[in-house]
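Once you have looked at the hints, place chain R on chain C.
From first to last, the protein sequence lines are chains C and R.
According to full-length UniProt numbering, the residues represented by the first sequence are 1 to 310, in order.
According to full-length UniProt numbering, the residues represented by the second sequence are 1 to 310, in order.
It should be emphasised that the hints constitute simulated quantities derived from the structure, not laboratory data.
Treat each hint with caution, since some may be false.
One copy or two, it doesn't matter: identical chains are merged, so the pair holds either way.
Unchecked claim - The list that follows gives simulated cross-link-like pairs (lysine to any residue, SDA-like), each with its CA atoms no further than 25 angstroms apart:
#1 K163 - E219
#2 K163 - W32
#3 K226 - Q192
#4 K226 - I194
Number of protein chains: 2
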Amino acid sequence: MKQVTAFAPATVANVSCGFDILGFAIDELGDWVQVTQSDSGILRVVEIQGDGGKLPLEPEKNTCSVAIQAMLDEMGLRQGLDIHLFKGLPLGSGMGSSAASAAAALVAANEILGNPFEKKDLVPFAMEAERIACGAAHADNVAPSIMGGFVLIRGYDPLDVVKLPVPEGLYCTLVHPHLELKTADSRSVLRQQISLKESTVQSGNIAGLIAGLFQSDFELISRSLKDVIAEPSRALLIPGFYELRESIRSVGALGSGISGSGPTIFILSQGKEIALQAGEASKEVFKKIGLGVDVYVSEVNDRGAYIQTS
Amino acid sequence: MKQVTAFAPATVANVSCGFDILGFAIDELGDWVQVTQSDSGILRVVEIQGDGGKLPLEPEKNTCSVAIQAMLDEMGLRQGLDIHLFKGLPLGSGMGSSAASAAAALVAANEILGNPFEKKDLVPFAMEAERIACGAAHADNVAPSIMGGFVLIRGYDPLDVVKLPVPEGLYCTLVHPHLELKTADSRSVLRQQISLKESTVQSGNIAGLIAGLFQSDFELISRSLKDVIAEPSRALLIPGFYELRESIRSVGALGSGISGSGPTIFILSQGKEIALQAGEASKEVFKKIGLGVDVYVSEVNDRGAYIQTS
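Extracted from the complex, chain C is given alone in its bound form (with noise of 0.2 angstroms):
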């Protein structure tokens, strides 16, 4: 019986300017799925590690097995396969852990299966998962983290995915506060109605970093890293947010935003020692405030998932 173990990574969605269109893998922080055939003719979730019991072992409600269950119903195929899942994300983090876990499981089954389907072909399968997982069949975790680097979803109609050039040295630190922040709160705080200027804004920034990333203008992408729209008003429910900004800009760092729809906050920054220092800027922030903090600091990962070979 063939047996494959995929790794897929942390993302950033909701890249500042890029709300709800724009995402970025990370390296090595991530989720690992062992997918194994049996004869059973049905998917079964063996096994979850590393989710203190928080994760749903049931198929229809599992990230892994819908996701992977959507591959087969495209494929008309019945195949009977075995799931272990081991967590390396923390659940609703903003680090795009559901999406971590459906990439990974896509990968590894595609991989059992001989490889049907190119990588970004897996992208729809794993937005199946998404919709079980967070109500809305978004992209812009599972994309980035499936296929590596920076993803554009240009449009939902239909899905139109297109992958970014990642600058050389461009590091990510991810700065995890422990609080909780409910999905469903970030989303209530987004207002429904902006005006023209703000949208304006917004489309000159997003322009301008995708300008950057294609020419490697750090300078660009640092002015261009600014939200008018979801930041405003979701950065009132993560504490610090605005200290840490200042912060890591004073160490050079090019800037930072929400991760997700939060509590984490993304920080990026030209090569690996001003991403190391932004993110003991950050934990002196926290410190003061009296929260703790994870702090991870990884290049911007261009590989995305991967079959992890022994």
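The following block gives chain R in isolation, referenced to the frame of chain C:
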């Protein structure tokens, strides 16, 4: 006494999803400005041809002299200069007529003064002319007219102008219907409040358009050429707008939009052949409506304004 003539091209601003932030330059069609040193110690607009007598000769009202004066002020310089303006562009058509005059004047005067400014640094001076001509110091016509190619205005505070690449073989068809459309009317129909959803869709499209320009991905450019914010209101002021869109898509053009605040419509195509066919298709549309049109076909101009050498 030194004498220099410069040419500056027509431009398309408000490029679809790039409403208020993106413009590009056209080949051949444009204005010429001849600048001659004089002992007068003042700026004089000596002659204007091709405007039907509509443009002001007063130096404080003419876009050529206003732009040059802003440059001289920046240098703290008094310099007598005589200006001859030869309009190749129709006024009030949405092709950046006032911008082309200012751009040509600046490039000529800059040459006479020994090129103290790089092209990009001329943009703020031309914006002063736009303030006089249009009531707003916008940069999305003057920047591409001076610099050529596609130019992104990332933001105004401070001014942040980003030149973007032009895919080889990208052609523009300009269709100028013989109807008068007041800029004030075009502006008044704009909604000042838009939905979060619309803003997100617009962001996705402008991000896709920028990526398409960098990747020379004509399909992506085509999919991204959608404006959900300004166009739905403004198109109603231009009879035949949607019929033209259908018609040019059927001959294989990439897409169309309103040039500036209209009534001119721009069409982008891959290759001259399709651009010409799109022009013919457009003529048919307006013939049915009973409106005359002028049609111009040219490559997107990557050079911008230049000195005429005889």
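Hints and how they fare:
1. Taking the shortest alpha-carbon separations for K163 and E219, both the intra-copy value of 21 angstroms and the inter-copy value of 15 angstroms come in at or below 25 angstroms.
2. Taking the closest pair of Cα atoms, K163 and W32 come within 25 angstroms of each other only inside a single copy of the chain (23 angstroms); across copies the shortest separation is 43 angstroms, beyond that limit.
3. In this assembly of identical chains, K226 and Q192 lie within 25 angstroms of each other by CA distance both inside one copy and across copies; the values are 19 angstroms within and 21 angstroms between.
4. When the C-alpha separation of K226 and I194 is checked against a cutoff of 25 angstroms, the pair qualifies both within a copy, at 16 angstroms, and between copies, at 19 angstroms.
Comparing the model with each numbered hint stated earlier shows that all of them hold.
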